[in-house]
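A.B. asks: Below, each chain spelled out in residue letters.
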Amino acid sequence: QKEVEQDPGPLSVPEGAIVSLNCTYSNSAFQYFMWYRQYSRKGPELLMYTYSSGNKEDGRFTAQVDKSSKYISLFIRDSQPSDSATYLCAPKTSYDKVIFGPGTSLSVIP
Amino acid sequence: NAGVTQTPKFQVLKTGQSMTLQCAQDMNHNSMYWYRQDPGMGLRLIYYSASEGTTDKGEVPNGYNVSRLNKREFSLRLESAAPSQTSVYFCASSPGLQETQYFGPGTRLLVL
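Residue numbers (this note's numbering), protein chains in the order written: chain A, 1 to 110; chain B, 1001 to 1112.
Treat the hints as calculated values from the structure; they're not laboratory data.
Treat the hints loosely; a few may be bogus.
To be verified - Only some residues are given here: those of chain B computed to face chain A with a beta carbon under 8 Å: (1) 1040; (2) 1042; (3) 1090; (4) 1100; (5) 1106; (6) 1110.
To be verified - The calculated lysine-lysine pairs, modelled on DSSO-like cross-linking and capped at a C-alpha distance of 27 Å, are: (7) B:1014 x B:1057; (8) A:56 x A:2; (9) B:1057 x B:1071; (10) A:67 x A:56; (11) A:42 x A:67; (12) B:1057 x A:42; (13) A:70 x A:56; (14) A:2 x A:67; (15) A:97 x B:1071; (16) B:1057 x A:2; (17) B:1057 x A:97; (18) A:97 x A:42; (19) A:42 x B:1014; (20) A:97 x B:1014; (21) A:42 x B:1071.
Claimed, not checked - Here are the in silico distance ranges between beta carbons for each label pair: (22) A:60 x B:1016: 19 to 25 Å; (23) A:17 x B:1016: 35 to 41 Å; (24) B:1056 x A:45: 21 to 27 Å; (25) A:80 x B:1017: 23 to 29 Å.
The beta carbon of each residue, even a glycine, is placed where N, CA and C say it ideally should be.
Using the sequences and the hints given, assemble the complete structure.
C.D. replies: Have a look at this one:
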């Protein structure tokens, strides 16, 4: 079993839809959870950063962590074509490097 | 403030040729990383440097060498390129080993 898993997609949605991107992990020591966004032919950039379980909201984006089921979600409200990218979940412990998931490709159709 | 820069942006090599990918950061970060990214494989860590003067192997180090030249610069060398090394290479840096990483724009390498 890989340490971090994501459905690779591609996920295609119409503009304005609510998008749910999901990630599962196996290491119960993960305490910090990040989402990176990677546009085509660009480097990944940090989008959201959360600690432990719960929700964090930033504009149209909400990150949700359920440590009991080792499940992480990123919700995008009112999705825009500019949200078309690959989204990488990236959990880490307090003592080691970030681990990157394989990413989910999202396409928002105008 | 440029963040993380990488050179070259694109390179074509023939099998057996050597080359060095350059990476520099201006954020005064202690830790630096080299990843490769292939379709369906995600980011795979090649080597990393926790701090100036140290380097360690990552998940896929075979066929690569690295040099942490100083705090700013971390280079990746392919001594004898193989077609299997065709990939997009990303350099990243972070304040410390356990902290958030910031990525460069990538180098696209094609080995024929």
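A.B. asks: Work down the list of hints and note, for each, if the structure agrees.
C.D. replies: Cross-check of the supplied hints:
Among the interface hints, the one on residue 1040 of chain B holds; its C-beta lies about 7 Å from the nearest C-beta in chain A, closer than the 8 Å criterion. Interface restraint check for residue 1042 of chain B: the shortest CB-CB distance to chain A comes to about 3 Å, inside 8 Å, so the restraint holds. At about 6 Å, the closest approach between the beta carbon of residue 1090 of chain B and any beta carbon in chain A falls short of 8 Å, and the interface hint on this residue holds. Given hint, residue 1100 of chain B at the interface with chain A, holds; its Cβ is 6 Å from that chain's nearest Cβ, closer than 8 Å.
For residue 1106 of chain B, the shortest C-beta to C-beta distance to chain A is roughly 5 Å, which falls under 8 Å, so the interface hint holds. Interface restraint check for residue 1110 of chain B: the shortest CB-CB distance to chain A comes to about 14 Å, outside 8 Å, so the restraint is violated. Our distance criterion of 27 Å between C-alpha atoms is met by residue 1014 of chain B and residue 1057 of chain B, whose separation comes to about 25 Å. For the hint linking residue 56 of chain A to residue 2 of chain A, the alpha-carbon distance of about 26 Å falls within 27 Å, and the restraint holds.
Of the supplied pair hints, the one linking residue 1057 of chain B and residue 1071 of chain B holds, its CA atoms being roughly 18 Å apart against a limit of 27 Å. In summary, the hint linking residue 67 of chain A to residue 56 of chain A is supported, as the alpha carbons are separated by about 14 Å, within the 27 Å threshold. Pair hint residue 42 of chain A plus residue 67 of chain A does not hold up; C-alpha atoms about 31 Å apart against a cutoff of 27 Å. This hinted pair checks out: residue 1057 of chain B and residue 42 of chain A have alpha carbons roughly 25 Å apart, not beyond 27 Å.
Distance check on the hinted pair: residue 70 of chain A and residue 56 of chain A sit about 17 Å apart at the alpha-carbon level, within 27 Å; holds. A C-alpha spacing of about 17 Å is found between residue 2 of chain A and residue 67 of chain A, which places the hinted pair at or below 27 Å, so the restraint holds. In summary, the hint linking residue 97 of chain A to residue 1071 of chain B is supported, as the alpha carbons are separated by about 19 Å, within the 27 Å threshold. About 19 Å separates the Cα atoms of residue 1057 of chain B and residue 2 of chain A, which keeps this hinted pair within 27 Å; it holds.
For a cut-off of 27 Å, the pair hint linking residue 1057 of chain B to residue 97 of chain A stands: about 13 Å separates their Cα positions. For the hint pairing residue 97 of chain A with residue 42 of chain A, the CA-to-CA distance comes to about 22 Å; that is within 27 Å, so the pair holds. For the hint linking residue 42 of chain A to residue 1014 of chain B, the alpha-carbon distance of about 25 Å falls within 27 Å, and the restraint holds. Between residue 97 of chain A and residue 1014 of chain B the CA atoms are separated by roughly 34 Å; this puts the pair beyond 27 Å, and the hint is violated.
Among the hinted pairs, residue 42 of chain A with residue 1071 of chain B is consistent with the structure: their alpha-carbon atoms are about 24 Å apart, no more than 27 Å. For the pair residue 60 of chain A and residue 1016 of chain B, the supplied restraint of 19 to 25 Å is violated, since their beta-carbon distance comes to about 49 Å. One distance hint, 35 to 41 Å for the beta-carbon pair residue 17 of chain A and residue 1016 of chain B, is violated here, with the actual separation near 50 Å. Restraint check, residue 1056 of chain B to residue 45 of chain A: a C-beta distance of roughly 25 Å satisfies the suggested window 21 to 27 Å.
Remark: the range hint 23 to 29 Å for residue 80 of chain A to residue 1017 of chain B is contradicted by a beta-carbon distance near 43 Å.
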